[in-house]
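Novice: Chain by chain, the residues:
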Amino acid sequence: MPTNSALRSLLQLASPTLPVGAYSYSEGLEALADKITSAASLDHWLRQELRYGAVRLEAAVMIRAYRSSLAQDFLALTDWNRWLSATRETEELRSQSWQMGRSLLRLIQDLQENEITTLLLKQDCNFAIAFGTVAARWQIDEQSATIGYLHSWATNLIGAGIKLIPLGQTAGQRLLLELDEELDRATQEILTLQDDDLSSCGWGLSLASMAHETLYSRLFRS
Amino acid sequence: MNQPRSVSTKTAPTDWHGSLCLEFATRQGATQLSHSQAKAPLKTQRPFYPEGSEVCHSVIMHTAGGIVGGDRLSVNICLKPNAQALITTAAASKVYRTNGREARQMIHIDVASGACLEWLPQETIVFNQAVYRQDMRVNLAPDASWLGWEITRFGRSARGERFIEGNWRSHTEVWQHDRPIWVDRQWLPGSEEVFTSPHGLASSPVVASFAWIGRSIEPEWVEKARSVWVGNGEIGVTRLMSGLLCRYRGASTMEARQWLIEVWRLARSESLDRPICIPRVWQL
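Going line by line, the protein sequences match chains H and Y.
Count the first sequence with our numbering and you get residues 1 to 222, in order.
Count the second sequence with our numbering and you get residues 1 to 284, in order.
Don't take every hint at face value.
Here are the simulated EDC-like cross-link-like pairs (lysine to aspartate or glutamate), alpha carbons at most 20 Å apart as the crow flies [stated by the list, open to error]:
hint: 1; chain 1: H; residue 1: K122; chain 2: H; residue 2: D141
hint: 2; chain 1: Y; residue 1: K94; chain 2: Y; residue 2: D178
hint: 3; chain 1: H; residue 1: K35; chain 2: Y; residue 2: E234
hint: 4; chain 1: H; residue 1: K163; chain 2: H; residue 2: D34
hint: 5; chain 1: H; residue 1: K122; chain 2: Y; residue 2: D178
hint: 6; chain 1: Y; residue 1: K94; chain 2: Y; residue 2: D15
hint: 7; chain 1: Y; residue 1: K39; chain 2: Y; residue 2: D15
hint: 8; chain 1: Y; residue 1: K224; chain 2: Y; residue 2: D178
hint: 9; chain 1: H; residue 1: K35; chain 2: Y; residue 2: E192
hint: 10; chain 1: H; residue 1: K163; chain 2: H; residue 2: D43
hint: 11; chain 1: H; residue 1: K35; chain 2: Y; residue 2: E193
hint: 12; chain 1: Y; residue 1: K80; chain 2: Y; residue 2: D110
Derived coverage of chain H by chain Y (criterion: at least 3 residues anywhere in the stretch with Cβ under 8 Å from a Cβ of chain Y; other residues may be distant) [claimed, not checked]:
hint: 13; stretch: 18-25
hint: 14; stretch: 45-58
hint: 15; stretch: 83-93
hint: 16; stretch: 187-201
For the record, the hints were derived by calculation from the structure and aren't laboratory data.
Note that the Cβ used here is the ideal one computed from N, Cα and C, for glycine as well.
Start from the sequences and build out the full structure, keeping to the hints where you can.
Specialist: Written as C-alpha cells, this is what we have:
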C-alpha cells in the first residue's frame, strides 16, 4: 500500500484534470466509428490494447524511466526516451506523446524546478518518460505508478468513447469498473517484462491512427 | 500416390545454422559484390545488373524450402560508401509448424555514406503453430538510406488455415547517428482473439509494412503514397522521424505488393531519379 503522501501524489498525477491535454486525443478511436459502436466493442478494444498493444509497451518504458530517474541515470533516461519516440506507430501518436510530455514537464518545472525536468525539457520528451520521472520524484511505488498510468489512459479513452459512440456517463463508469481485473493483470505483466520482450501487436491501432491523420473533419487532435 | 518432389523440404534437418554475408563496394561508379560467403541452407545467385552497373541485384535463396524450430539463420549485409544494391529472395519464405522450439532469423545491415540498400524480399508464409522470431538491425551512416518491406501471410489461407496457435515476432530497428530512427517491434501471438479482433488482424491474413528511411519526408508524401493505392484491403501511411511508413492489412499479398511497388516507384524517382526495375524472380 502506498503511504498517504504517495497516494495523494498518485491521485494528482493520474487525475483527468492534470493539465496536459489528454482529453483532446482519441488515439485512433475517432477513425474507428464503424468498428467501435458500443460499450462492448470499446471494452474489447481497451482489453486488446492492455494485453497486446502499444500502451503496454509504453507503460513498461514508463517504469524504465522511473528506475533510471531514481538511479539518477540521465543517459539511460535519454536513451529510453529516444527509443520510445522511435517506436511510436504514427506521427500523430508521436506528436501527442511529445506534447503531453512537454506540458507535464513544464508544469512540474513551475511547481518544483529540478535537474531532471530541466534536462528532459531540452529534448522531445514522451509523456510516459515524464510520467515515470515525476512518479519517482514523488515517491509513488512502481506498482501504483503503473496502475495510475494505465488507469488514466483508460479513463481518457473511455471519455473519448462517451463522446464518439456516444455512451452515457454511467455506461462509461461501468466500463472502467469492469476493466479492474484486466488492469491488474496488465500491471503485473508490465512490471516483469524484460527489455527483449518489449513488443506489441499494432496493426489495428496503427491503421486507425494513420486514418485519423487524414480525416477531414474531426473532434480530436492529431 | 506421387512421391513429394523434394522430400528434404518436408523433413528439413533440424537445427540449420545458415548464414550469409554479403558486401557491396563501388569501383568506378559500378557496384560490385566485393565479398560473399554463404553457409547452407542460405545461398545467393550470381549478382546481376538488369539496370546497369550502378545497382547490383542479388537474390537470396533458402535451399531447404522453409524454416523450422531450432533453425538459426543469420544474414549480414554491408554496403560500402556509395554502393547501391537491391536484395530480394528467390521465392516466398515459409515458416513451418514448430517442433516445440523457436526458429530465428537475424539480419544485420550496415549502409555507409552515400549508399542505398533496397531490401525487398518476397512474402513470408507463417504456418499455423509456427514459432518464429526475426530481428533486423539496420545501421545507417549520416548520408545513407534504406528502403525495405516485409509482407507476411498468417496461415496457409488458400487451404483455409489461420494462424491461431504459435507465436510470431518481427523486430526491426533502423539507427542513424547512434540514435534509433524507427523501432518496430511487431508481435502476433497466435490466437483466435488476436486473429479476428479489429485491434489485431481483423480476420485479414496478410499484413505488410514498407519503410523508406534516411531522409526527411515532406508531408505531401503521405497523400502521394495513399493516392497510388487500389484494392480491397486497408492501408495507412505516416511519416517517421526521418522517413515514410506504409502499412497494409488485407487478404492478398499480390494487392499489397502492387501498392508497395507503386510507392517504391515514387520513392525511386524522387531519391535516385531512376525508374524501378522489377526483379524477374517475382514473376508478376
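Novice: Tell me if the straight-line CA distance from Y:K80 to Y:D110 falls inside 20 Å.
Specialist: holds, 8 Å
Novice: Are there three or more residues in the stretch 187-201 of chain H whose C-beta lies closer than 8 Å to some C-beta of chain Y?
Specialist: Since three or more residues must qualify, the claim that chain Y covers the stretch 187-201 of chain H holds, with 4 doing so at under 8 Å.
Novice: Need the status of pair H:K122, H:D141: alpha-carbon distance at most 20 Å?
Specialist: Not OK: H:K122 and H:D141 at ~27 Å, beyond 20 Å, violated.
Novice: If you draw a straight line from the CA of Y:K224 to the CA of Y:D178, is it 20 Å or shorter?
Specialist: violated, 30 Å
Novice: Checking one constraint from the list: CA of H:K35 to CA of Y:E192, max 20 Å. Satisfied?
Specialist: holds, 18 Å
Novice: Checking one constraint from the list: CA of Y:K94 to CA of Y:D178, max 20 Å. Satisfied?
Specialist: violated, 33 Å
Novice: Counting residues of the stretch 83-93 of chain H with a beta carbon closer than 8 Å to any beta carbon of chain Y, are there 3 or more?
Specialist: holds (count 8)
Novice: For the pair supplied as a hint, Y:K39 and Y:D15, confirm whether the alpha-carbon distance does not exceed 20 Å.
Specialist: Given that 20 Å is the threshold and the Cα spacing comes to 13 Å, the pair holds.
Novice: Per the coverage rule (Cβ-Cβ under 8 Å, at least three residues), is the stretch 18-25 of chain H covered by chain Y?
Specialist: Violated, because only 0 residues of the stretch 18-25 of chain H bring their Cβ atoms closer than 8 Å to Cβ atoms of chain Y.
Novice: Between H:K163 and H:D43, does the CA-CA distance stay at or below 20 Å?
Specialist: It holds: about 15 Å lies between the C-alpha atoms, which stays within 20 Å.
Novice: Are H:K35 and Y:E193 close enough, with their CA atoms no more than 20 Å apart?
Specialist: Given that 20 Å is the threshold and the Cα spacing comes to 16 Å, the pair holds.
Novice: Between the alpha carbons of H:K163 and H:D34, is the straight-line distance 20 Å or under?
Specialist: holds, 15 Å
The structure is inconsistent with the numbered hints 1, 2, 8 and 13, although it conforms to all the rest.
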